[in-house]
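Heads up: the sequence lines are chains A and B, in that order.
Heads up: the first sequence at position 49 corresponds to 49 in the working numbering, and the numbers run straight through without jumps.
Heads up: the second sequence at position 112 corresponds to 112 in the working numbering, and the numbers run straight through without jumps.
The set of hints was computed from the structure by calculation and includes no laboratory data.
Every value quoted in this text rests on a predicted model; they were computed, and no experiment measured them.
Watch out, some of these pointers could steer you wrong.
Claimed, not checked - Here are the computed distance ranges between Cβ atoms for each label pair:
1) B:T91 to A:L80: 17 to 25 Å
2) B:G42 to A:K52: 42 to 50 Å
3) A:G69 to B:M1: 34 to 42 Å
The beta carbon of each residue, even a glycine, is placed where N, CA and C say it ideally should be.
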Amino acid sequence: MGILDFFKARPKNTANVAKERLRIIVAQERAQRGSPDYLPLLRREILEVIKKYVNVDPDAVLINVERDGDHEVLELSVALPEKGGLAATGEN
Amino acid sequence: MTEIIVVTSGKGGVGKTTTSASLSVGLAKRGKKVAVIDFDVGLRNLDLIMGCERRVVYDFVNVINGECTLKQALIKDKRHDSLFVLAASQTRDKEALTKEGVEGVLNGLRDEGFDYVVCDSPAGIEKGAALAMYFADRAVVVVNPEVSSVRDSDRILGLLASKTRRAELGNGAVEQHLLLTRYNPNRVESGDMMSIKDVQEILGIDVVGVIPESEGVLAASNAGIPVILDETSQAGHAYEDAVARLLGEERPLRFIDATRKGLIARIFGS
Chain A
1 MGILDFFKAR PKNTANVAKE RLRIIVAQER AQRGSPDYLP LLRREILEVI KKYVNVDPDA
61 VLINVERDGD HEVLELSVAL PEKGGLAATG EN
Chain B
1 MTEIIVVTSG KGGVGKTTTS ASLSVGLAKR GKKVAVIDFD VGLRNLDLIM GCERRVVYDF
61 VNVINGECTL KQALIKDKRH DSLFVLAASQ TRDKEALTKE GVEGVLNGLR DEGFDYVVCD
121 SPAGIEKGAA LAMYFADRAV VVVNPEVSSV RDSDRILGLL ASKTRRAELG NGAVEQHLLL
181 TRYNPNRVES GDMMSIKDVQ EILGIDVVGV IPESEGVLAA SNAGIPVILD ETSQAGHAYE
241 DAVARLLGEE RPLRFIDATR KGLIARIFGS
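Based on the sequences and whatever the hints tell you, model everything.
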């Protein structure tokens, strides 16, 4: 560190940036842990089917497996677009 | 009773083999009978770090295939009578390790009265890594204070909680310990490196050791003498502490504070 550096503003704290990014991604990956391996593929295929009829955003399909006592519940949620967002449904 | 300890990490190059070597030597120095096994089939390296590379005749896969006895394959350490190395095979056949084969070797070591078996896991989450952790009672997860290493370690923690014999039998969880390597207190203080607390908060497991970044580690590898035997190296002392903690002793963390520079040094450069 030289004389000029001493008067410069301290550089950004990159360790905090790393910690925040990790906190988010690790939480997300932990939530997905234990869910069946086929979920991402299932999600993609469902999205493709829905897209044939409705023009939905790729993020609009949420899929989750919840454990409830002895059985598992597959939870599927699709956010449809506002009115007017309907895609051509096979007529063109 | 034989305790099986896996040294694992997910990411490569974080210090698993260095750690396996030093922990094994540390346990043997305390009079324990220890076997350390290299699970990295195809990429044998523990023998180099332990300094016994020229004495490897038979390896782990030879034992599994019944091509030699366990006793023939165990390489006695030059410095410690109660320490033995089982080298990885250099075969390219990744299927050479089987669950039954590994179990057979571990049972053999149990029958021989070993106190500890240290399993040096390969990087990744493929077969070798999966088998290295499968029979473990405890896991030492080696982490660098760096984003990819921390994330991969969390993945490993997930596997330890689900893909081990203890998890499958509901036999109590594999005890998990965090071992931070390449820790640089000065960079932590200047905000360039995550702190022990940061990593611990993200992973949520207890710290068994913090090994400072040290020139001694490379020198030790070069010489084939595990760094724990280097009395002049902070890394050596830090491994010594980690061994004590593994054995249940309470020891404060050392070498984790930044070296303070005087004002003059800060102004005129160091």
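Quick rundown of the hints versus the structure:
1. B:T91 to A:L80: 17 to 25 Å: 56 Å, violated
2. B:G42 to A:K52: 42 to 50 Å: 47 Å, holds
3. A:G69 to B:M1: 34 to 42 Å: 36 Å, holds
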